[in-house]
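Starting from the known structure of chain A, fit chains B and C with the ligands onto it as the hints suggest.
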Amino acid sequence: MAVAAVSAGGIADHIHPEPQGFVRRYVFSLDHKIIGIQYLITAFVFFMLAGLLAEAIRTQLLNPNGGFVAADTYNEIYSIHGSTMVWLVIIPMLTGGFGNLVFPLQIGARDVAFPWLNMLSFWIFPVSGLMLFSSFLMGAPTAGWMEYPPVSLQGAAGTSMWAAAIFLVGVSSTMTGLNFLVTILKMRAPGMTFTRMPLFVWGQFATAPLLMIATTALAAALAALFINRVFGVPFFDPTKGGSPVMWQHMFWFYSHPAVYIMILPAFGIISEVLPTFARKPIFGYKLIAFSSMAIALTGFMVWAHHMFTSGLAPFLQLPFMIITFVIGVPTGIKIFSWTATLWGGKIHYNTAMLFAIGFVGLFTIGGITGIFLAAIPYDLHVHGTYFIVAHLHYVLVGGSLMGVFAGMYYWFPKMSGRVLNETLGKLHFWLFFIGFNLTFLPMHWLGIEGMPREVATYDPQFAFLNQFASYASYLMTFAILIFFVNVIWSIRNGKRSGPNPWGARTLEWQIPSPPNYYNFKHVPTVYGLPYDFSQPLPYKGLDEELTDAPPVAAGAH
Amino acid sequence: MTAASLPLDSHGNVDQLYIETRELRLQGFLLFLVSDCVLFASFIFAYLYLRNSGQGWPPPGIQRLDVAFAAWNSVVLFGSGATMHYALENFKHGNFMRYMWFLLATIVLGAGFLGGQAYEYTHLIYGEHVTWWGSGIFGASFFTLTGMHGMHVFIGVCYLTVLVLQSAAGVYTRGKFFGITAGTLYWHFVDVIWVVLFSIFYLL
Amino acid sequence: MQPVRLGRGFWTVTAILAILAVGAIVFWYEFPLEKYLPEAIVTARQVDTLFRFMAATGSALYIFVGGYLLYFSIAFRAKATDPPDAIGVQIHDNHKLEFWWTVIPALFVVLLSIVSVRIWYEIMLEPENGVVVEAIGHQFYFSFRYPQINGEVTDEMHLPRGVPVTLNLTSADVIHGFWVPAMRLKNDTVPGLVTTIRFTPRLDGRYRIICTQFCGVLHSEMDKQALVIEEKPAFDKWYKGWQQRNAHTSNALPAAGGQAVALQGGSAPAGQQMFAQKCSACHKIAPFDEKVVGPGLKGVLHDPAHPNLVNGQPATPENVAAILQNGYTGSMGTMPNATANGLSAQDIANLVAFLDSLK
Ligand code: HEA
Ligand code: HEA
Ligand code: CUA
Ligand SMILES: [Cu+2]
Numbered sequence: 003m004a005v006a007a008v009s010a011g012g013i014a015d016h017i018h019p020e021p022q023g024f025v026r027r028y029v030f031s032l033d034h035k036i037i038g039i040q041y042l043i044t045a046f047v048f049f050m051l052a053g054l055l056a057e058a059i060r061t062q063l064l065n066p067n068g069g070f071v072a073a074d075t076y077n078e079i080y081s082i083h084g085s086t087m088v089w090l091v092i093i094p095m096l097t098g099g100f101g102n103l104v105f106p107l108q109i110g111a112r113d114v115a116f117p118w119l120n121m122l123s124f125w126i127f128p129v130s131g132l133m134l135f136s137s138f139l140m141g142a143p144t145a146g147w148m149e150y151p152p153v154s155l156q157g158a159a160g161t162s163m164w165a166a167a168i169f170l171v172g173v174s175s176t177m178t179g180l181n182f183l184v185t186i187l188k189m190r191a192p193g194m195t196f197t198r199m200p201l202f203v204w205g206q207f208a209t210a211p212l213l214m215i216a217t218t219a220l221a222a223a224l225a226a227l228f229i230n231r232v233f234g235v236p237f238f239d240p241t242k243g244g245s246p247v248m249w250q251h252m253f254w255f256y257s258h259p260a261v262y263i264m265i266l267p268a269f270g271i272i273s274e275v276l277p278t279f280a281r282k283p284i285f286g287y288k289l290i291a292f293s294s295m296a297i298a299l300t301g302f303m304v305w306a307h308h309m310f311t312s313g314l315a316p317f318l319q320l321p322f323m324i325i326t327f328v329i330g331v332p333t334g335i336k337i338f339s340w341t342a343t344l345w346g347g348k349i350h351y352n353t354a355m356l357f358a359i360g361f362v363g364l365f366t367i368g369g370i371t372g373i374f375l376a377a378i379p380y381d382l383h384v385h386g387t388y389f390i391v392a393h394l395h396y397v398l399v400g401g402s403l404m405g406v407f408a409g410m411y412y413w414f415p416k417m418s419g420r421v422l423n424e425t426l427g428k429l430h431f432w433l434f435f436i437g438f439n440l441t442f443l444p445m446h447w448l449g450i451e452g453m454p455r456e457v458a459t460y461d462p463q464f465a466f467l468n469q470f471a472s473y474a475s476y477l478m479t480f481a482i483l484i485f486f487v488n489v490i491w492s493i494r495n496g497k498r499s500g501p502n503p504w505g506a507r508t509l510e511w512q513i514p515s516p517p518n519y520y521n522f523k524h525v526p527t528v529y530g531l532p533y534d535f536s537q538p539l540p541y542k543g544l545d546e547e548l549t550d551a552p553p554v555a556a557g558a559h
Numbered sequence: 005m006t007a008a009s010l011p012l013d014s015h016g017n018v019d020q021l022y023i024e025t026r027e028l029r030l031q032g033f034l035l036f037l038v039s040d041c042v043l044f045a046s047f048i049f050a051y052l053y054l055r056n057s058g059q060g061w062p063p064p065g066i067q068r069l070d071v072a073f074a075a076w077n078s079v080v081l082f083g084s085g086a087t088m089h090y091a092l093e094n095f096k097h098g099n100f101m102r103y104m105w106f107l108l109a110t111i112v113l114g115a116g117f118l119g120g121q122a123y124e125y126t127h128l129i130y131g132e133h134v135t136w137w138g139s140g141i142f143g144a145s146f147f148t149l150t151g152m153h154g155m156h157v158f159i160g161v162c163y164l165t166v167l168v169l170q171s172a173a174g175v176y177t178r179g180k181f182f183g184i185t186a187g188t189l190y191w192h193f194v195d196v197i198w199v200v201l202f203s204i205f206y207l208l
Numbered sequence: 004m005q006p007v008r009l010g011r012g013f014w015t016v017t018a019i020l021a022i023l024a025v026g027a028i029v030f031w032y033e034f035p036l037e038k039y040l041p042e043a044i045v046t047a048r049q050v051d052t053l054f055r056f057m058a059a060t061g062s063a064l065y066i067f068v069g070g071y072l073l074y075f076s077i078a079f080r081a082k083a084t085d086p087p088d089a090i091g092v093q094i095h096d097n098h099k100l101e102f103w104w105t106v107i108p109a110l111f112v113v114l115l116s117i118v119s120v121r122i123w124y125e126i127m128l129e130p131e132n133g134v135v136v137e138a139i140g141h142q143f144y145f146s147f148r149y150p151q152i153n154g155e156v157t158d159e160m161h162l163p164r165g166v167p168v169t170l171n172l173t174s175a176d177v178i179h180g181f182w183v184p185a186m187r188l189k190n191d192t193v194p195g196l197v198t199t200i201r202f203t204p205r206l207d208g209r210y211r212i213i214c215t216q217f218c219g220v221l222h223s224e225m226d227k228q229a230l231v232i233e234e235k236p237a238f239d240k241w242y243k244g245w246q247q248r249n250a251h252t253s254n255a256l257p258a259a260g261g262q263a264v265a266l267q268g269g270s271a272p273a274g275q276q277m278f279a280q281k282c283s284a285c286h287k288i289a290p291f292d293e294k295v296v297g298p299g300l301k302g303v304l305h306d307p308a309h310p311n312l313v314n315g316q317p318a319t320p321e322n323v324a325a326i327l328q329n330g331y332t333g334s335m336g337t338m339p340n341a342t343a344n345g346l347s348a349q350d351i352a353n354l355v356a357f358l359d360s361l362k
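Residue numbers (my numbering), protein chains in the order written: chain A, 3 to 559; chain B, 5 to 208; chain C, 4 to 362.
No lab work stands behind these hints: they were computed from the structure. A hint or two may mislead.
As the list claims (entries may be wrong) - Within a straight-line C-alpha distance of at most 20 Å, the following computed EDC-like cross-link-like pairs (lysine to aspartate or glutamate) qualify: (1) A:K288 with C:E101; (2) C:K38 with A:D461; (3) C:K227 with A:D461; (4) B:K180 with B:E27; (5) C:K227 with A:D74.
Unchecked claim - Covered, in the sense of this in silico footprint (three residues per stretch, anywhere, with C-beta under 8 Å from a C-beta of chain B), are these stretches of chain A: (6) 129–136; (7) 245–256.
Quick reminder that beta carbons are idealized off the backbone N, C-alpha and C, glycines included.
If we strip away everything but chain A, and leave its shape as in the complex, we get:
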């Protein structure tokens, strides 16, 4: 079964001629590598915008009385900040971006299963992003990224726009998930059995069903919110029999799995970077792969841990608490395995590696505070406070975003043929690492002591820590500015990388950088795991790959 997809005359031998012309090649491209880069660029643009909004948040909070913007504007700002970061930055980067760019190469495929659908998924994404930002013109949503009704029913017209925009990115995500799932199931190179797949592919494989299933549930919720707001159909309106708590169920049924959408691919990135630079096989390959699947599955069973204060029946809350604790076990397996991967290595300190190790260190903090939150009695204290803000940024910035940076430093050569500047890279890492901790560590204490989240002004007793966090966040901004400078500078001036600058062993590094349009001249045969540094490479049919001219296009059209 596993090798069924490839036999003579099939897809593996079917190469379209490379399209000519700028538009077909770079704009409406069908090539997964180009689409991946398109995703990354678009998402980084949204990242700048959402990051600037974050700095507006921090600037407002410099002062207990605010004063930078009006309360209503502040509410719009953090709502769009959260929504953008989640739906337009991290999810597209990790799935559409790195997913597209890397995993088809890693499984030895020529493209994803449905290139046309892939292109469509991509183009929906910037459009919905523009829609989301255009909601500023008509009064952006103010009730946060979770938009709880009834207050979101009172929100300005932009709230409907928000729902429509998120619905559209959701459609795009669903299509991506479907596409990736079929690709991984059906288009692996001969010999690429499930137990030989690189861990990044496992990460995508665990994420794809989440994208497909959870996002569809979100689509239903958003559609219901939209028709409630626009046509007055009373799904969530308590004065007409609707139930506001139902929205919370529908929203979190998506949004908890969504946090794993935002972390499982990052886990995959880390699992590639660590063995490469430690010159060691990843420790506990099977258990890491298995735990991704376990996390994806249990991820569907814990959504109500966001709702411990919303008046659920007590006996319903208990299983949610315990299953949430249980998720710590497979996640712990990963953390321990990564740590063990470093043991006995010959570690090379490239920036990608720094970010990977930083990831393990920071994500663990966020994970542990997640366990705090899962304990109902404690959540009854800190729900809705800055403790939550601290938790979510430790896992999302210290986790997902660090994973994105690790992936950028690692795969930039594959995209561009050049290496990112190391001096700037290391500066970026250290400033970011320090700035991040100084910004978000104090927020734990703010939450415990009594500062609620989503507030434009606050009690003066919290002034010092807030100012501290704000100044630190400017340091973080500076670090990220360095990153952007680095990328722009290195595209033109970076050191040429050659096909495999890191001595990595997965398939994508065995072909030129950037890869040819058709990826592989001949689809290689795989006969082992990619992580054995003492063995020869486990691929057959690759040697001539780096020098040969393009193959003649087979297939008639």
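Frame of chain A, contents of chains B and C with the ligands only:
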């Protein structure tokens, strides 16, 4: 499948590319149906949630739905499922004309179901003043779910009409007829959803 | 596969980490949390106990994970003397190790579940028969209702020390969060829903009440009210004060618009329709005893067995209107007020006419 029905390319060779692509498309299509299912499941969850949060069902002031009429209408829809099944079977066995007739019958039955639904809606809206937005959670869940299902039937009818035209133009051959398979799967899917909707709205 | 030998410094590092971990545990158990945030109610201490337990174990765990991570990163870096193609120890896994680092966290999860469930039960099992008080979220303040105080208390919430409290939470408009950090306890106030928390105040003081659920433009301002816990005599004085202050506001306290409700011109058919939409979730048109959430309403105005309404007032159209206007919290729970139910004065008149028509 017999050798005769293997897909062939223009040289009369077995078309390996088509076989593999078909496998991908089939898998993709099934996954699409899975996520469509989740969409319905979410709204069904919402309906059951709302229904159980109030007192009794249907809410006071609203008549119970007319089971008899809907049952007849369901029979029409299930009948179309049967005709669709025979359409595909006949195509596979090379009975092209019988295939076309069954396909047309499916379209007619599907359209009949939509007509029945339109009648039911008119009756509810004008006869009993039940509306989507003005009748609380009853109107909200009933019209949303059955409306979504009706949309699916409508899209199906359009798709089958396209199939008729394509078949008449000779697009599908004995080896290459994924479009018909997909149409059949979709149509059965829409039937199954109706079984669920019928039970929870009319019988429960 | 090479035999696994732990590096030379490994045990030294382990010893250092163990000392640090013990230090962290001691730190969290010694840390004077209550100095920064008083433990105003009995169960606040339990929550702090849980926090100390999680913070201590969490820090200890983190010291080991982070410590080894750091130690390995430094100890196993490639040195300038290494040949460029030097590779690390080629170990793929170690089943014993993997077994233990699955089982030990799993056991820890069991332990943590037991600890959390026990503390959670203590919070849930606070006595049910305490003083019933109601807090209602409004955009953008909380109001409080007490038995035998007419209308609403709108500035502060006072509670006597040592007396168990049952606090019913509901909302007049959107979802708010009722949080008193010093109680380590919060719950959302959801329109159309009554949620209950129970606790026993144990420490006198003035504590901030904070809204923790975004509820509109002025959400940030919803942190100005206070919960005052005080001696019984002081509380009684405050309570009497409000009783007098509200004596004449009586139940005509305008929750919605202001004017007393005019009952003339109510239309029973319109009331019936309104009833189906807004009231039937909680009331049947059936005798008093057939409860859903609230009592059956068939005989509210004409049942000789129930000459008085739930609030003790005689069953007259005016008094029913007052209940519809102001809501009422009694032994069955909370009847939402007109704002929460979305009723205009005309709606109330219609509803009363409808209820009056039921014999
Ligand atoms: C992946 C997700 C993600 C990421 C990366 C971030 C990143 C950051 N977040 Fe955010 N945040 C959320 C997801 C995320 N956040 C979510 C989901 C919420 C909840 C929202 C809600 O309540 O609804 C939230 C809420 C939130 C709050 C709480 C608001 C409130 O409750 O009132 C705060 C406050 O400090 C904050 C701060 C920050 C900061 C300082 C960063 C920094 O890390 C950002 C750093 C990045 C930059 C600073 C960009 C730098 C760009 C440049 C330098 C380029 C310059 C640009 C041009 C020249 C055009 N965030
Ligand atoms: C990438 C995103 C991401 C990830 C991976 C996680 C991971 C986890 N989250 Fe988090 N979470 C968010 C993003 C994420 N979260 C966001 C955005 C919110 C706020 C939403 C909002 O309201 O705006 C949130 C809110 C949130 C809440 C709701 C709080 C509230 O609003 O009241 C809870 C409660 O249970 C929770 C728990 C957890 C847990 C248990 C994990 C676990 O998966 C963590 C597992 C990891 C570890 C435990 C660490 C490593 C393990 C070991 C070292 C092994 C040993 C440990 C044990 C056995 C315990 N999270
Ligand atoms: Cu009330 Cu926030
Ligand atoms: Cu969650």
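**Request:** Just pull the numbers of the violated hints for me, sorted ascending.
**Result:** 6
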